[in-house]
Amino acid sequence: MTDINQHLVTYRDAVHRIKGAILQSRYRAAANANVEMLSLYYNVGRYISANSRTGKWGTGAIESISAQLQGEIPGLHGFSPTNMKNMRVFYEEWSPVFDTNRQTVTADLQDEDDSLLIRQTLSAELDDLIYIAFCKVGFSHHREILRKCKTYDERWYYIVRCADEFWSYRTLKHHLGADDYNAYGRLPNNFILTMPDEKTAKKAVLSFRDDYLLDFIEIKDPDDYDERDVVNAIAADVKKFIMTMGEGFSFIGHQYRLLVDDEEFFVDMLFFERNLQSLVAFELKRDKFRPADLGQLSFYLSALDKYVKKPNENKSIGILLCQEMNRTVVELAVQDYDKPLGVATYRLGTGIPEQYSSLIPVINGVEQIITANSKNDSKDGEDD
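Going by my numbering, the sequence shown runs without a break in its numbering and finishes at 373.
Since the hints were derived computationally from the structure, they do not count as laboratory data.
It is possible that part of the hints are untrue.
Simulated pairs of lysine to aspartate or glutamate, EDC-like, Cα-Cα distance not exceeding 16 Å [unchecked claim]:
| # | residue 1 | residue 2 |
| --- | --- | --- |
| 1 | K139 | E216 |
| 2 | K295 | E252 |
| 3 | K125 | E154 |
Turn these sequences into a full structure, and let the hints steer you where they fit.
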């Protein structure tokens, strides 16, 4: 029996090792395939740019070439006219980074027979960590980043996040829409005064946004909702809230119960942030920031540190979410507390697609007319 158990352990270990080798091999194959695809698209984009921007090709050339390619290679994907133009943009936007001498590169595009030369240069040039991240990101992600980001710093920010956190295309679009690049690191806070060292305080600042887009919570009337409704909606789809906050957060609970000398108190939302090794309490307020709101949150942090925090964990952090804030007022208010506190705003979805937002006044007007008519009908019924 002992021999059988030993064999089972050996087999499990063998399965684990072989499985790991298979998954690593698949990952490397996918990564290499992505490098080849990006290199191909980059160099095809270079060729299209060199010929279409100079007027060498006539009007409709890209459409004609795309159609002929489909005929030459049945089942070919990724070479529609639109995507070939995206390849041109891909090359033109990144060529200042990857091509040190653009004139030489352009001259290298054609041989004596005026035929296409695809130089596989991109993969050879991407040897730094940030360029490795570039190679991990798919072309659709690159296309969306180029559409939304104009500076290289902003582009690199999203490329690295995509590579490190394995963002899907949909997740990337969400973070672009939420303007992560400009939102992180701007949270009004007192971390530098309340955390053990400057390095930890800076890490904490970069872990939180100053504005959270909660577009997965749709409300019809922004003036008609309750704070608890929003908290419950977040708890019902906490995965999307964590996606909004970023990697590192683990959900503990909403309306988290704290018992202090037989008195009950409830934290709206409680998380644990792995990078900071801290409990994070989120308290949501429907209205504009009021300094008095920080007192309640500071008390929750004291209770969490005393009754919930583990000995090896850092001090609990509190984030107050409100609809509006005056940054000067917030910065003055948080300085008076000895607990790590920050204040951010949040935005909810309206339930109205962006392209129809101009119709909101019309919709509201129609609703008012219907309401008024309903009241008149009721009065008429009463008179009868």
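Here is how each hint holds up against the structure:
Note on K139 and E216: the hinted pairing is violated, with a Cα-Cα distance of about 37 Å set against a maximum of 16 Å. Straight-line distance between C-alpha atoms of K295 and E252 comes to about 15 Å, which keeps the hinted pair within the 16 Å bound. Restraint check: the Cα-Cα separation between K125 and E154 comes to about 11 Å, which is no more than 16 Å; the hinted pair holds.
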